[in-house]
Every structure is written in structure tokens, then in C-alpha cells.
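*Asks:* Sequence:
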Amino acid sequence: FRIIGQGTNLIVSDEPLKFVVLSTKYLNKMNFEEKNNMDLIVEAQSGMSLSALSFLLSEDGYSGLEFACGIPGSVGGGVYMNAGAYDGEMKDVVVETTVLDLKDGKVKTLNKGDLEFGYRTSILQEGSFILLSTKFLLKKDELKRIKSKLIDFSTRRWEKQPIDLPSAGSIFKRPKPDFFVGTTIENLGLKGFSIGEAQISTKHAGFIINKGNATFKDVILLIEYVKRIVKDKYNVELQVEPEIWE
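The opening residue of the sequence shown carries number 1 in the working numbering; numbering runs sequentially from there.
Careful, some of the hints might be misleading.
Using 30 Å as the maximum straight-line C-alpha spacing, the simulated DSSO-like pairs for lysine-lysine come out as follows [claimed, not checked]:
#: 1; residue 1: K176; residue 2: K160
#: 2; residue 1: K25; residue 2: K112
#: 3; residue 1: K35; residue 2: K18
#: 4; residue 1: K25; residue 2: K35
None of these hints come from the bench; they were simulated from the model.
Keep in mind the model is a prediction, meaning the values are calculated, not measured.
Construct the complete structure from the given sequences, taking the supplied hints into account.
*Replies:* As C-alpha cells, this is what we get:
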């Protein structure tokens, strides 16, 4: 079986899947665990919208999740892949998680160290746990400063990313800190290149958009084409960021 949150970081086959899909849709509650004048520990269930959590906490004057204000998807999905943007990542604010251990069926607590966070990775991707909820630590800050960050991040996202069109988000992981995949693809002249209805975004070449009726095959063929061109030119093997289900 597989777990689905809001499905924003998935590329899914057009054909029937050969496994059961479990949704976290109804795991959408949050609870203030500890609150004082400076710090807040909040527990959010895995199915809650990550961007909604970011805005709710920001409006209350707590800082730390501003970077997630425009990240689509669920809290669970964000922690699962250590989502990040604008120099922030989930690992920066995670305290601990509550998980179901599939090996023995017991509910357990994993702290930040147990989660083995890396660049767009965590131990949760090994498939041994179902993430139920996560506790975050946030710091009190001036509301004006927090709102300034939200406006800045949202403006930059709208200006630079094709968020008005269907996509699975950033399509490739950055292979090394100084290798910018979108810029590389653009420099190869592939911006706007299409296979079927799947197209490399003309706004940001790190995204593949659905122009209307793209098939799973269209998207996969376009991904493989880009990977091959980058490999031939730079001898760099790109890794796909979204999960592929088929």
C-alpha cells in the first residue's frame, strides 16, 4: 500500500494501480501543546494543509514556518520529504513525530534525530512507518516582520513559478549545491519543450506542466529526455523529486 496526503508531489500512472492507497485526508487537526510568551509547540496531524498551518501560526505571531506558506501539500508530505524553500526546511522546526511502526503495529515517537533528515529525504521514505502527527517548535516574533516574509515569499513564488498551472512541483532534485537544475535546463534550450501535452515550463524550467491533457507517459518521456540531455552535456545524473506511482 501507499500513503497519500494531498497528492501534490506525485506522478501517478493513468492505469489502475496494483496497490491500496490510504488517504490522510481526515487527519487534519492541530493542538497547541505548550505556549508561552516566546515559544510555541504545536502538534499538527499529517493530513493538515502545510500552507494553512504556516498562515495560521504566522497570523498568531509565531515564526519558523513562513517558508512553507506557498508549499502545496500536507504536513505529512512535507515532513516525509523534508520540504523546503527560501533557505528553510521542515527539519528546522520539527521536534518529534508520532508514527505507526509497520513492523510491530505500535504507535511510537521519533525525535528529529531519529528521522535522519537530509536534502528532500527522511527515514520515513524507507516505508517502515506511517506518519500520524508532528510537533513543531516556533518562536514569537513581530507580526510586521512575519508578514513581510510571507509577502516576499509569496511574491517570489508567483513571479518565478508556474503555480497557476498543473504540475507536480519542482521536478528534479538539485544534485549539488551549486548546480541549479532549472537554469541548466533553460541553458540547454529546453524551456518550453513539449512531449504530448507535457511541457517544460516557460516560466521556470525546473517544472513540467500539464498543458491540458498530458498523460503519465508524456510526463515520464519528458523527464527521461531531460535527464538524458543533462547527462550527456554535464555528466550529471538528475534525480526526480516527486514520487512516481505505477
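*Asks:* Indicate, hint by hint, whether the structure satisfies it.
*Replies:* Against the structure, the hints come out as follows:
This hinted pair checks out: K176 and K160 have alpha carbons roughly 21 Å apart, not beyond 30 Å. For the suggested pair K25 and K112, the alpha carbons sit about 24 Å apart, so the restraint of at most 30 Å is met. Distance check on the hinted pair: K35 and K18 sit about 45 Å apart at the alpha-carbon level, beyond 30 Å; violated. Note on K25 and K35: the hinted pairing holds, with a Cα-Cα distance of about 27 Å set against a maximum of 30 Å.
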